[in-house]
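Modelling step: build the complete structure from the supplied sequences, incorporating the hints.
In the numbering used here, the protein residues as written are 1 to 755.
It cannot be assumed that every hint is accurate.
Computed cross-link-like contacts, PhoX-like style, restricted to lysine-lysine with a CA-CA straight-line distance of at most 25 Å [claimed, not checked]:
(1) K29 - K51
(2) K283 - K263
(3) K719 - K653
(4) K459 - K542
(5) K273 - K218
(6) K29 - K44
(7) K712 - K725
(8) K719 - K755
(9) K712 - K722
(10) K197 - K218
(11) K197 - K113
(12) K459 - K44
(13) K555 - K585
(14) K585 - K542
(15) K459 - K113
(16) K44 - K197
(17) K653 - K722
(18) K51 - K113
(19) K712 - K755
(20) K44 - K113
(21) K585 - K44
Note that these hints are calculated values from the structure, not bench results.
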Amino acid sequence: MRFRFCLLFLTTSLFARTIDLRNAVVVAKPGDIAGIVLTEEIAKRTGLHLKTAAAIPAGAPAIAIESGDSQIRPEGYRLFISGQTVRIIAADPRGALFGAGQLLRRLDWAPGKLNIDSSVDIRTAPASPIRGHQLGYRAQANSYDAWSPAQFDQYIRELAFFGVNSIESIPFQDDRPTPVMHTPRREMNRAMSEMCKRYHLDYWAWIPAEFDLTDTAKRSALLEQCRQFFTDSPELTGIFFPGGDPGHNPPELVLPFLEDMAKDLRVLHPKAKIWLSMQWFTKPQVDSIYDFLNREHPPWFGGAVAGPSAPPIPITRERLPAQYELRDYPDITHNKISQYEVPMWDQAYALTLGREAINPRPVEYARIHNRTAPYTDGFISYSDGVHDDVNKTIWSALSWDPSQNVRDILIDYARVYFNPAVAIETADAILALEKNWRGPLIDNGAVEGTLLTWQQLEKRAPQLETNWRWQMCLLRANYDAFVRHRQIHESALEREANAVMAQASTIGSGPAMERATAILDRWQTQPVSPDLRARIVELCAKLYESIGLQTSVAKYHAIGAERGAILDLIDLPLNNRWWLEDQFKAIHALDSEEQKVARLRQLAEWEHPGAGSFYDDIGNIANSPHVARHDMDTVPETSREPSPMFWWWDQGKSRARLSWQTTMWPTALVYDGLDPQARYFVRSTGYGQALLRINGDRVQPTVDGTTMGEFKEFPVDPKYVKDRKLMLTWDRPTGEEHLNWRQHSRLAEVWLIRK
Numbered sequence: 001m002r003f004r005f006c007l008l009f010l011t012t013s014l015f016a017r018t019i020d021l022r023n024a025v026v027v028a029k030p031g032d033i034a035g036i037v038l039t040e041e042i043a044k045r046t047g048l049h050l051k052t053a054a055a056i057p058a059g060a061p062a063i064a065i066e067s068g069d070s071q072i073r074p075e076g077y078r079l080f081i082s083g084q085t086v087r088i089i090a091a092d093p094r095g096a097l098f099g100a101g102q103l104l105r106r107l108d109w110a111p112g113k114l115n116i117d118s119s120v121d122i123r124t125a126p127a128s129p130i131r132g133h134q135l136g137y138r139a140q141a142n143s144y145d146a147w148s149p150a151q152f153d154q155y156i157r158e159l160a161f162f163g164v165n166s167i168e169s170i171p172f173q174d175d176r177p178t179p180v181m182h183t184p185r186r187e188m189n190r191a192m193s194e195m196c197k198r199y200h201l202d203y204w205a206w207i208p209a210e211f212d213l214t215d216t217a218k219r220s221a222l223l224e225q226c227r228q229f230f231t232d233s234p235e236l237t238g239i240f241f242p243g244g245d246p247g248h249n250p251p252e253l254v255l256p257f258l259e260d261m262a263k264d265l266r267v268l269h270p271k272a273k274i275w276l277s278m279q280w281f282t283k284p285q286v287d288s289i290y291d292f293l294n295r296e297h298p299p300w301f302g303g304a305v306a307g308p309s310a311p312p313i314p315i316t317r318e319r320l321p322a323q324y325e326l327r328d329y330p331d332i333t334h335n336k337i338s339q340y341e342v343p344m345w346d347q348a349y350a351l352t353l354g355r356e357a358i359n360p361r362p363v364e365y366a367r368i369h370n371r372t373a374p375y376t377d378g379f380i381s382y383s384d385g386v387h388d389d390v391n392k393t394i395w396s397a398l399s400w401d402p403s404q405n406v407r408d409i410l411i412d413y414a415r416v417y418f419n420p421a422v423a424i425e426t427a428d429a430i431l432a433l434e435k436n437w438r439g440p441l442i443d444n445g446a447v448e449g450t451l452l453t454w455q456q457l458e459k460r461a462p463q464l465e466t467n468w469r470w471q472m473c474l475l476r477a478n479y480d481a482f483v484r485h486r487q488i489h490e491s492a493l494e495r496e497a498n499a500v501m502a503q504a505s506t507i508g509s510g511p512a513m514e515r516a517t518a519i520l521d522r523w524q525t526q527p528v529s530p531d532l533r534a535r536i537v538e539l540c541a542k543l544y545e546s547i548g549l550q551t552s553v554a555k556y557h558a559i560g561a562e563r564g565a566i567l568d569l570i571d572l573p574l575n576n577r578w579w580l581e582d583q584f585k586a587i588h589a590l591d592s593e594e595q596k597v598a599r600l601r602q603l604a605e606w607e608h609p610g611a612g613s614f615y616d617d618i619g620n621i622a623n624s625p626h627v628a629r630h631d632m633d634t635v636p637e638t639s640r641e642p643s644p645m646f647w648w649w650d651q652g653k654s655r656a657r658l659s660w661q662t663t664m665w666p667t668a669l670v671y672d673g674l675d676p677q678a679r680y681f682v683r684s685t686g687y688g689q690a691l692l693r694i695n696g697d698r699v700q701p702t703v704d705g706t707t708m709g710e711f712k713e714f715p716v717d718p719k720y721v722k723d724r725k726l727m728l729t730w731d732r733p734t735g736e737e738h739l740n741w742r743q744h745s746r747l748a749e750v751w752l753i754r755k
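And the structure:
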């Protein structure tokens with residue numbers, strides 16, 4: 001792309017005055033959506049019901065909205081004050097709506113109060129032509145499927161406050177029954193299209209083919225379903241067809257199918273086009289797509305979509321024929337096992353929050369947006385619920401003007417959705433929530449300060465108790481602190497249990513296991529922070545009532561525990577209690593006391609192999625001191641070392657050792673200050689092959705376990721430590737490319753043990 005030029009002027013004056021708009025009239029054409037939105041939203045916030053008029057009254061305050069100014073670029077507007085009149089002059093009706101959203105962000109309001117600074121003068125137009133979010137009304141969503149048409153209408157309207165011009169639905173995919181869905185899918189599809197038409201927004205649809213396209217019956221059935229959808233939709237701008245995720249059809253089947261779809265689409269919606277992502281396509285398949293586009297120049301093809309597991313955005317932009325656009329499909333909704341995983345995330349969060357927890361990441365996503373946007377013509381994000389609402393706002397605002405400051409965007413967010421009186425403090429508190437997730441949790445005392453800030457804000461703004469965005473922030477602040485308290489407590493319990501197990505040779509294996517079990521059970525007999533846990537339960541109930549957020553499978557009908565069902569994960573062990581319980585059962589079955597004592601000692605010293613030896617839990621940011629790491633704030637996501645894989649086993653309730661539930665191929669492990677006279681060996685756990693290099697030389701194992709929990713061991717030649725340093729690296733095993741990623745080799749733990 002190509003940023004469209006964006007100009008933003010906000011002038012101020014030392015002599016600016018405040019204009020009282022409590023008695024203002026709204027001047028707009030009858031039925032003008034910008035005027036309707038403005039008067040309705042002002043009434044919701046202030047209780048003031050502004051009157052409307054056909055003309056600006058003399059000598060009285062007014063808000064005048066007009067569109068059709070050819071001097072303003074498409075979708076742009078100017079918001080300024082002339083005398084006692086607030087004026088929004090826009091290029092078109094869509095720009096007038098965006099201008100109304102800007103005005104709502106500039107107003108100083110409270111119940112019975114409505115003011116604006118007379119110095120406001122903003123002239124602006126969007127940088128990116130495509131700015132939108134996917135709102136999928138389907139079972140997989142952790143909130144959307146519980147919504148009524150009125151809730152969708154309100155949310156779409158609010159997204160437009162920050163310049164969103166596109167909404168993408170998921171009309172067919174995922175037809176699992178869910179008790180929270182009360183509006184038939186077809187009816188909601190039609191309603192969302194009508195909403196977009198009413199708000200002058202583009203309406204898109206995400207339509208995959210999850211079956212083999214050689215199945216002619218299923219192919220015909222999907223085309224018929226599409227024809228019905230096209231007929232039902234009064235507004236339809238584009239169809240996004242994912243090449244994969246889901247779907248596994250090659251281009252030679254996909255392209256003819258899309259051409260058939262386009263014939264029906266363009267009869268009813270002549271300007272609509274079809275877009276394709278090349279997710280999961282092989283290089284030859286990608287090449288065939290470009291060959292087709294360069295050879296055929298299909299008029300029905302709108303452009304490419306850059307989604308997760310698709311070719312890199314810069315390469316796609318370079319190869320895509322110039323007449324076609326490129327749209328990003330960023331995953332702003334997931335925390336792990338995703339396109340943009342939370343960097344330096346503590347395993348305690350990964351265990352208890354799953355993939356779709358409330359996840360404001362404003363600074364991180366601003367950085368990602370501004371790195372990728374110059375190559376694209378905009379974006380429509382992947383979202384599976386309102387838990388990513390802050391992230392939506394960041395992408396929306398920056399796609400309008402990428403030069404905006406993140407904190408300023410958050411202040412606007414708080415002004416329009418919460419209250420101008422607490423906007424600045426709330427913006428900083430949201431930034432603090434993002435910092436809660438950075439680095440080892442036990443070491444992050446700022447988590448306590450974040451909770452205190454939100455508790456103080458609660459007292460200052462009790463009227464926000466029923467505001468779902470406010471409730472989400474409170475839930476995160478309380479949940480983060482509770483997890484930290486639990487991790488501190490349960491880590492201490494495991495250390496205490498290990499100390500008892502180490503005494504087995506003195507007190508006996510049976511008493512050692514009995515005492516260790518009693519110690520570990522204190523998570524329940526002496527629970528920490530029950531007040532925080534009760535508050536979390538309360539907020540989850542409120543969020544289900546206010547916005548349909550499904551934080552539990554059994555209680556609130558979430559489709560799965562990792563889909564935001566944090567209430568189901570809140571008590572999962574943050575130490576190895578479950579694994580140790582299973583180990584104790586196995587130890588009881590051993591033949592001799594000597595064997596039992598030896599195994600207990602091994603368990604007790606698992607992470608503490610003795611003086612001069614070292615241990616790293618590779619994927620755990622809190623327990624991997626020798627893993628080489630980049631500066632996460634300066635290194636682009638595509639250049640960073642591999643992120644940890646937080647495995648999701650047994651619906652999040654795996655009894656495996658915690659260190660095995662997070663794996664990674666590190667860039668390197670680096671050791672300094674070694675004893676050049678000592679003898680060392682490397683031990684590791686993981687799955688499959690671990691092709692170790694020591695100071696660049698490949699070495700062979702003397703012990704070669706291949707399943708999770710089995711050891712590999714490699715001798716260290718004394719020549720490698722003569723300068724007191726050592727670097728370990730690993731080659732990725734070859735021949736695994738054809739396997740599902742779950743079957744790939746992985747590394748969990750590494751020891752450097754001094755003999």
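Each hint, compared with the structure:
1. Our distance criterion of 25 Å between C-alpha atoms is met by K29 and K51, whose separation comes to about 13 Å.
2. Between the alpha carbons of K283 and K263 the distance comes to roughly 29 Å, so the proposed pair goes past 25 Å and is violated.
3. In summary, the hint linking K719 to K653 is not supported, as the alpha carbons are separated by about 45 Å, beyond the 25 Å threshold.
4. Straight-line distance between C-alpha atoms of K459 and K542 comes to about 18 Å, which keeps the hinted pair within the 25 Å bound.
5. A threshold of 25 Å between alpha carbons decides the hint, and for K273 with K218 the separation of about 23 Å falls inside it, so the pair holds.
6. The straight-line distance between the Cα atoms of K29 and K44 is roughly 22 Å, inside the 25 Å bound, and the hint therefore holds.
7. Straight-line distance between C-alpha atoms of K712 and K725 comes to about 22 Å, which keeps the hinted pair within the 25 Å bound.
8. About 16 Å separates the Cα atoms of K719 and K755, which keeps this hinted pair within 25 Å; it holds.
9. Of the pairs offered as hints, the one joining K712 and K722 holds, with about 24 Å between alpha carbons and a cut-off of 25 Å not exceeded.
10. A distance of roughly 31 Å separates the Cα atoms of K197 and K218; the hinted pair therefore is violated under the 25 Å criterion.
11. Between K197 and K113, the direct Cα distance comes to roughly 32 Å. Violation of the 25 Å bound is thereby established for this hinted pair.
12. About 22 Å separates the Cα atoms of K459 and K44, which keeps this hinted pair within 25 Å; it holds.
13. Distance hint between K555 and K585 is unfulfilled; the C-alpha atoms sit about 33 Å from each other, more than 25 Å.
14. Under the criterion of a C-alpha separation no larger than 25 Å, the hint pairing K585 with K542 is inconsistent with the structure, at around 42 Å.
15. About 21 Å separates the Cα atoms of K459 and K113, which keeps this hinted pair within 25 Å; it holds.
16. Between K44 and K197, the direct Cα distance comes to roughly 23 Å. Compliance with the 25 Å bound is thereby established for this hinted pair.
17. Of the supplied pair hints, the one linking K653 and K722 is violated, its CA atoms being roughly 45 Å apart against a limit of 25 Å.
18. Using a Cα cut-off of 25 Å, the hinted pair K51 and K113 holds, with the two alpha carbons roughly 16 Å apart.
19. Distance restraint check for K712 and K755: the Cα-Cα separation of roughly 16 Å lies within the 25 Å cut-off, and the hinted pair is therefore satisfied.
20. The straight-line distance between the Cα atoms of K44 and K113 is roughly 12 Å, inside the 25 Å bound, and the hint therefore holds.
21. Note on K585 and K44: the hinted pairing is violated, with a Cα-Cα distance of about 61 Å set against a maximum of 25 Å.
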